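Asker: Listed below, chain by chain, are the residues.
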Amino acid sequence: MLRLPRFRMEIPRSADEAARVLRELGAGTQDPGVSGMPGMKVLMVAGGTDVYPNMKRRQLAPEVLVSLRRALSRDVRADGPASGATIGAGATLSSVSAHPVVRSRYAALAMAAGLVSTPQLRNMGTIGGNVCLDTRCNWYDESGFWRTAEGFCMKTHPSVVCRVATSSPRCLAVASADTVPALLALGATVTVRSAQGERTVDLGELYREDGIRYLTIRRDEIVTEVALPPAEGWRSTYLKLRDRGSFDFPIVGLAAAVRMDGARVADARVALTAVASRPILVDAAAKALRGSRLDDAAIEAAAEAAFKAARPMDNTSGTIAQRKRTVSVFATRALRELRDN
Amino acid sequence: MSEFSVVGKRLPKVNVWGHLTGTARYADDIQLPRMLYGRLLRSPHAHARIKRIDASRALAHDGVVAVCTGADMPERMGIMPSTQDEYALAVDKVRYIGDPVAAVAAVDEDTAYDALSLIDVEYEPLEPILTIEEALTREDVRIHEDSGRPANVFKDVHLEFGDVEGGFQTAHKVYDNWYFFEGTTHAPMETHSAVASYDGDGKLTLWTSTQVPHYLHRELEKVLGIPRSRIRVIATPNGGGFGGKSDPFSHEFAACLLSMRTKRPVKFTLDREEVFYAHRGRHPVLMHLRTGVSADGDITAVHFQSYLDGGAYASYGIATTYYTGALMTVTYKLPAYKFDGVRVYTNKPACGPKRGHGTTQPRFAFECQLDQIAEDLGLDPIAYRERILQPANSRTVNGLRITSMGLGQCLEEVKRSTRFPEKHGQLPRGKGIGVAGSAYISGAGLPIYWNEMPHSGASVKVDRGGGVTVYCGTSEIGQGSDNVLAVVAAEQLGVLTEDVHVVSGDTSLAPVDLGSYSSRVTFMAGNAVRQAAGRLRTLVVEAAAAKLGVPADRIALAQRRVYDLADPAKGMTFAEAAVLAESKNGTLVSVGSYKPPKDISGDYKGSGVGPTAAYSYQAAVAEVSVDLETGIVTVERITEAHDCGRALNPPAVEGQIEGAAYMGYGEAIAEEQVFRGGLHKKPSLLEYKLPTSMDTPEMKAIIVETIDPEGPFGAKEAGEGPLNPVIPAIANAVYDAIGVRFDETPITPAKVLDALQKNRSRVGPEGLSSQRDPKAAMRRLHATTDAREKKKVMS
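Residue numbers (the working numbering), protein chains in the order written: chain A, 1 to 341; chain B, 1001 to 1795.
Okay, chain B solo, but in the shape it has when bound:
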C-alpha cells in the first residue's frame, strides 16, 4: 500500500467540471454593468514611422466613448526588465504588421470595429528587415535605433567550458551540420481577453487570461503610473496558454487606461487573427552544430551556434537565447562545450516562450545528429544514448547541478514498450522508427527581475468544518496547477482534494507566485504549499496527540481522520482535530514559501539561465509510415516515457505527456508561422495547420518516477519537457523509413516528395546564406506597387 492517501492516486482534477462543461468563468465570460467594448487598431505596415495620428473622426462617431494612442502611455515596458523595448501602443514607429497603434472603447463591438477605420494614421513606410541574414548585416536599417548593438542584433552571447579546441583535436570524427527549426505559435483555444474596471475609489481591477499576474502587476504600475497598491490583477482560468500569455499585452494596458478615462469597465477580446500577431511563439532558429566523438562514440567536444529570428521585440528573448545553449549539457556527457547564440530583430510579430522555451530547437538538432553518429558507429541509437548518459547527482561542464536523472530509465521504458531494437533499421522501405531523449527545467532558477524574495508563496487556511483553502499566485492555464496545489495540501492535512478550495492568480488575495511559466508551479508552488500546510499539520497533530494522550509521532492523518497509528480506531475527524488546534493556537492560517537553492549553477555571466532545482527527463519513440508516392508522413504511434520525479496525479501527468507529444507532432509535421513580405501567410486556424483529432497518432505515455530529493513529495515538472523529444524522434523515424535526413522542420509532404523525386539524402539549410541582395525587399515591395499602379492606369 502506498504511504500516501492522495498523492499518486488517479483522482479527477479539482476544477475538471468547469473545464469540461464550459462553466469555468473565462475572461470573456465576464459581463459588468455599463461595460464598454474595446478594439485595437493595428499597423498594416511591417516597418514604418508614425507621422501623425488623428482620432477625432473616431471620437465623434456615435457610440465611441474613448480612444487612446501610444502618446497616452509613453512608458517603455516589456517582460524582462533589462530589455524593455515595447510600448503599450506604438510610439513613433511600428515594427510589424499587426503592431497595435491605437485603441477604441465603444458601447458595443460593432461600433468599436467600425470606429477603427475612422482613426487616421499617417505612416512613412520604412524598408522591412525580414530574414536573419538581413538583420545581421543591415546597418542602414535599424528596427530599434537605440539597441546599442550592431545592425539589428538584439543579443549575442558567447560561452565556453572545458577544453573545446583540445576536444575537437582528439576527436576521431567531427560531425558538422546545419539545422533549421521553423517558427510556430501556441494557438490556445481561448483567444486573449481582458476586462478592466476602474472604480470611483481609485482602485483598478484587471481580469485577464494571463500566465503571469505578478509580472503584469508590475508593468501596469509602470505604464499606467498608478501605485501597484491600487491595482489588482486577477488571472482568470486560461483556455490554454503554452507560453503565449506570459507577456504584458497591449490590450491589457488599453483596457485599463480606457477604463480609467471613462470610469466604466472595458473589455477586450482578441480575435483569432490577432492572436497570431500577438504571438510570442517559438523562435525560428538556424543552428550550426559541431560535435567531436571518439572512436567508440564518446563526445569529446560540442560547439553549438544558434541564430534566433526574434521578431520585432524583446519579449523573453534574452532568456530564449541562453536557453538554446544552456540545456545541451544535461542529458549526455559533454567534457567541453562552446556556445554562441545570436538573436536578431526582424519586422515580424515578436517571438517568445512556447512550451519547451528555447530548448526545443537545439534538442531537435542534437538528437538528429546523435542518430547519425550512432548509425556511423553501427550502434542501436538507444544503446548509444544509454552509453553516454550524464550521471545523476553530478555537475555539467557548464556548472549546472543535476540531482535525480531518469533519462536512462525513460530510454529503457520506450525500448521495452516498442521493441525498438527489433524494428530499427529492419522495417520495409516507407516504414520507420526513431528515438530521441531530452530534458527540461522544473522552474527557472532565477526570477526575471533580480530579488532575494521567494519565487513562490502560499498561505493555507483551515476552517472549523475541516475545509482547507489554499491561496497562491499561480495561474491555472488548464495544466492543472490548482489541482497540484490541492493534492499537496490534501496529502499534508489528511483530507481529500474535494475538501480543498484553491484561490489562485489573484494579486490581492494570494501571496506572490511568479507565474505559470518555465514549468515551475508543481515544484515551486508545490513546495510552498507543502510548507504552509505542513505547519498547520503540526498544530493539528499536536492538538490531537494531546487529546488522545499519545505521542505526536504516532499520529497520522488520512481520509479526513486524525488517528493513532498504533490503534487506528483511536482518533477523531479532521474537523474535530482542527477545532482543537484552533482552540489551542488561534486562527489556523499558515504561510509557506519556496526559493531554489543557490549553488545550482556555475559562476559566470549568463549562468542565470539554465539552472533549476531539478531537471525532468524524457525519451520518445515515433513510428511512422511514409507514402512514397504522395510524400505524406503518417505518424502511427508515439511512445513516450517521462521522468516527473513523482506523479502527484498520474492522469494529469499522462495528460501533459500526451498534450506535449501532440503539440510536438504538429510542429514536426505541419505547423509553421511564416510570412510573405512581413505579412503572416496563414493567420487562421484553417490555414495554420494545427493537427486535428483525426491526425494525431496513437499515443502511449509512460511515467518514470525517480523521487527527486527536493521536489514536493519528490515531484518534478511534466508540462513542457515531453514536447522536446517528439520532434527529433519523428525526424529520425522518417530517416529510418526513407533514408532522408530532415535537418529542418516541418517535414511536409511537399518536401518529402521533392526529396524522393530528386533522390536527396538530406533536406536542410546549408548555412547562413551569403549576404543577400540588401535592397531585394524594397524592390519586391516596389514591384507589386508599380504593377498595381500600372493596372489602375490601364483600366
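Only chain A is shown next, with the shape it has when bound in the complex:
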C-alpha cells in the first residue's frame, strides 16, 4: 500500500497549548499560495480522514503534524429552543448527525454530517475538520506518481498552470465539505483561536474563491467551535449529488433554510457547495424567497438564482451541465420539501 511520508507529531493537551505550539513552529507564516500544498511544513490534523490519505499521495508532506484530538472539545451544547447551540470542533460527524438537538432543530446539518463519506470515516472525521476541508480536484487528488506523469498543477506547484483551465490565473480546486452549506444556511459562526487570542468569524467569511488559499484564516489559527443561532421558526434541509450512495464527495451540495412568519417567508438562506472553489451563500435566492408564500414562482426564481450562482468546472466526477442543472432541481426540491412538510 502507499506509505505515509516521515513526519513528527505534536499532541497538545489543550487549545491554548495547541495555539502556542503552532506559533512556536511558525505555522502562521505559511502561505500555500507561495509554497504549494506540499510545501507547508506544519499542519493541523483532527480526525485525519482527509489529511492522511493526502499525505500518502504526497499532496501534503508536513514535517510536523499538530494533532488536535486532545485539544478540541467534542461537546454539542444546547439549552432551550430560544438559545442556539455550540458544537466543539472535535465532535465527530457521526455524533453531530446523531445528536437529538441537531436532528430536531438543525436538520440540514444532521443530514449533511450523516452524508459525509462512509460510516467509518464519519466516526473519525470531525466537524472542525470538515469545515476546514482541503479543496478537491481531479488533477490534485492523485498520487505522487500520477501527478509526476501529468506534470503537476498549480495547487502543488504554484509556478505551474492550473490543469483544469490552463489560462486560469487561479487554482480551480473545488470546495467539497458537506456540512458547510448546511452551516451557512443555518447562519453559523466559528470561533478561531490562536496565540494572539480568540475571535468569532461568520462562516461565510472563512472561505475565499481560490483553490489554494481557500481559507481566510492563518495557518496557526485553530477552528475550535461552531456556533449556531437559535433555530426557532427555521426549517432546513440538505441535498447531495454524488455518484454512489456512500463514500463519494458531493458534486453538488445544496442546503436550504426558511423561517416562516405565518404564510410568508420571513427569512431564507440557500447555500451551495462543490460548484466553485468556495461554498456559496446565494443571496439572490434568499431575496427571491423573502416575503413570498414559498409559492412555485418564488421557488422557481430562487432555483434560477442558485443555477446562476453555480460555476462548476470540469474537475470532479459528473459533467458541468449535469451539475448546474442539478443545482436548480435540488433548489426546487429542497424548497418544496420545506414548504410541504
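These are computed hints drawn from the structure, not numbers from a lab.
Note that this is a predicted model, so its numbers are computed, not measured.
Backbone N, C-alpha and C fix where the C-beta goes; we use that ideal spot for every residue, glycine too.
Watch out, some of these pointers could steer you wrong.
Stated by the list, open to error - Capping the alpha-carbon separation at 20 Å, the derived lysine-lysine pairs in PhoX-like fashion look like this:
| id | chain 1 | residue 1 | chain 2 | residue 2 |
| --- | --- | --- | --- | --- |
| 1 | B | LYS1547 | B | LYS1584 |
| 2 | A | LYS56 | B | LYS1682 |
| 3 | A | LYS56 | B | LYS1681 |
| 4 | A | LYS324 | B | LYS1751 |
| 5 | B | LYS1758 | A | LYS324 |
Stated by the list, open to error - These stretches of chain A come out as covered by chain B in the derived footprint (C-beta under 8 Å, 3 or more residues):
| id | region |
| --- | --- |
| 6 | 2-11 |
| 7 | 145-158 |
| 8 | 322-335 |
Stated by the list, open to error - Reference listing, derived: stretches of chain B covered by chain A, where coverage requires no fewer than 3 residues with Cβ under 8 Å from a Cβ of chain A:
| id | region |
| --- | --- |
| 9 | 1689-1698 |
| 10 | 1750-1759 |
With chain A fixed as given, assemble chain B onto it according to the hints.
Answerer: Relative to the frame of chain A, chain B by itself:
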C-alpha cells in the same frame, strides 16, 4: 428424496471460515525471516524509448539490497505463446503510463519507496496512440515495431458461415447499428501480491495471488532461465480475481529474480493504483451489428464487426478478439453469420479477460438490437426470444456443438417471477423493465498452449481415519472452487465435505489444472476429481461387498457409511471400509483427469475459440426507475435465472449469479476505465465508481437445472455467464422507461440528462470516426507543456 447426499445440499463452503474472518492466508499475509520488500518503478510516459537507466544512486541508498531492470530479464513473455510481446520489465521501450521499468528490493517498504526516485531513467518521449481510429491508421507511429501487421493492428480475424449475402437479400428488414462498450476493470478487493523465496539448494518458491499457477510456472522458467523442476508456484487464496490475475505479472518475475540475487525472500504487494495499471480488464469495443430478419422475425443473417482497444500488450487478446464473435451463435438461430474482428494496440494498460471475457460486449449489442427488433414486430421481447431459440443438442452455423440448453427455461422463469408481459411497455414514464438472454462456456475447449494432455488432473487420497484429500492445480479465487472439488469427492465417496481436505494451486503438490479462468473448474476439475474419487469408490465398494457378502451393485455410500441398499442397517463406517480396501489393494490414492471432447467445434482456422463441452445459459430482467430531472437511473430489481446444469451447491451458484449481476450492474451504470492523454483518469476506488452496498439493487437469483450429460453430476459453469445479460437488460429497461436507446455504456446520469434535455432517442456511436487529425495528440501534449513553460517564465 434426492439421489445425492452432498450434491445439491445447501451446505457451507469448506473454506468459508477463513474467508469470512480474514484468517485465510493471502500472499501479503506471508512473513518470512530476512524478507525484503520490493517495489516497481513505473513509466510516467505513455510511449517512450528508454535511452538510459542508472540505478547506482538507488543501490547506494542505505537499506537498498538489490535493483533489477529489463536488461536482467530480456526474454519475451506473455500468457499466449503465439503472441508474446511483453517483458518482465520494460526493455528499450515503455508503452503505457505505469509500465514497469525497474524493481527495488529493500529492508522495508519505506526504503523501497524512497529508492524509486533515485533510479535515473532517461526517456525519449514518442507520440502516444490513444484511440482505435489512430491505432488503425497511424503507420508512422508503431507501438510494437515488429508486430508484422499494418499500423497498430494486433490481430484481425474474418470468418464467414452460411450464405450471408443471400440471408441479407431475403431479409424483410436489415437492422444496422453501432454500439460502444466502455472498458472496465476487475477491482478485486485484494491487490496483487507475491512472495518469492530462493533457497540455498537452488529451489525457488513463489507464493502469489494468481489464477493460473501452471501457466505462470511455464513463464517463470522461460524468463528466469532456471528449469521448471526447480520452481514451485503456490497460488495463495485470491481475494478476488475476476480475470485480473490470469496473466504473468512484472512483480512476480521481479520478486523471483531479486530473491535469486539476494538469497533472501522478497515480497511485492501492489497498491491500489498499480492494480489499475496492471489491469487486463474488459476491452473497450466499438461494434457494428447488422442483422437481417424475416417478416415474422426469424434471423436470416448477421454480420458483426468488432474493434477492440487492446491497450499496450497482447495479454489474452487473440482469444478476446475471437470471443467477441464466437458466442453470438449459441443462443438464437442464425442461419448465416459473418464476423470481422480487429484488435489494436494503444498506449494504455493492456486489456485482457474480465468475467465474461470478450462475450459481454457483443452480447450487449445483440440483446439491445433484439429488443428493437421485437418492438418493431410488436412482439413481447421475451416471447420473441423464445421463438428464435437455438435448440438443444444441435450445431451452430459456426460449428459449435450444443448439448444441454436452458435459455428457454431461464426466460420462462424470469417472466413468471417478474410478470414481465404485464409491465413491459405499460409502466408510467420514468419506470421501465427490460430483458436479455446470454450464454457462456464451461471452460475453453482448448488450452492456451497446444498439447494433447489433460486440461485438468486430480489425485485423491483416503486416509485410514476416513479422511479424504483432494489434490488439484486449481486456484481458489473466492469463487468456491475448493468447495466444488470437495462436494464432488464427498459425493463419490459417501462422506461429508467437512471430511475433505483440498490442496489446490500448488505446482509441486497437485496435478496440473490449467487454472481458474474461462469458468472451467467446476466442469473440468470437477470431472477429474469425480473420476479419481470414483476409482477409489470402486475399491471401497468391492472391499465392503466382500466383507458383507453382498453383490457390489447393492452397496451404497452416504453419510460416512458404506451399506447394503437392501438392508441399510447392514454396513460399516466409511473409515472401516477404507481400511478393508487399503488392506486389500495397498495405499488408497487414485488419479483422474479431464479433457474436453474433440468434436465440439468446426474445422477452420480460428475454430479453437468458442467451443466448450457445455454452454451455460441465462436470462435477466431489470426493473429501473429514471429520475427525469436529474437523470439518475435507479435499478430497483434484477431477476436472473441461470442454467448451471446442476447446482452442486445451490448457495454458491446463487452467490455467483448475484455477484455477477452486481458486477454487470456496475458496468452498465457507472464504471469506466478511461484516460486523458494516456493517463488513467480515475485510478482509485474513490473515483472509479464501483457500486457500494448502498447502490446495488434488490436481487433475485433463480437456478435452472438442465442436467448436462457430460458435466460432473450434470453441472456447468456459474461464475461468468450471469454477468452478461444484466447490462443489456438494464439498457433495455432504460429504453422502456424513457424511450432513449443507450447503445453505449455506461448509462450515466449526465448522459441520461443530456439525452432528455435534447430530446434524443438514442445515445451511442455513429461509427468509426473519420480519421482524426493524426497530429492532434502531439499538439495537445505540446500545448500543455508550452503553457507550463510560459507560466514558469512569467512567475
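Asker: Hint by hint, say whether it matches the structure.
Answerer: Cross-check of the supplied hints:
Restraint check for B:LYS1547 and B:LYS1584: satisfied, since their Cα atoms lie roughly 11 Å apart, inside the 20 Å limit. Straight-line distance between C-alpha atoms of A:LYS56 and B:LYS1682 comes to about 17 Å, which keeps the hinted pair within the 20 Å bound. Restraint check for A:LYS56 and B:LYS1681: the C-alpha separation of about 19 Å stays at or below 20 Å, so the hint holds. For the proposed pair A:LYS324 and B:LYS1751, the alpha carbon gap of about 14 Å is at most 20 Å, so the pair holds.
Our distance criterion of 20 Å between C-alpha atoms is met by B:LYS1758 and A:LYS324, whose separation comes to about 16 Å. For a cut-off of 8 Å, the count of residues in the region 2-11 of chain A with a CB near a CB of chain B stands at 3, and the three-residue condition holds. Residue count for the region 145-158 of chain A with a Cβ under 8 Å from a Cβ of chain B: 7. That meets the three needed, and the coverage hint holds. Counting residues of the region 322-335 of chain A whose beta carbon lies closer than 8 Å to any beta carbon of chain B gives 4, which reaches the threshold of three, so the coverage claim holds.
A stretch counts as covered by a chain when three or more of its residues have a beta carbon under 8 Å from one of that chain; for the region 1689-1698 of chain B and chain A the count is 6, and the coverage holds. For the region 1750-1759 of chain B, the proposed coverage by chain A is satisfied: 4 residues have a C-beta within less than 8 Å of a C-beta in that chain, meeting the threshold of three.
Violated hints are absent here; each numbered hint is respected by the structure.
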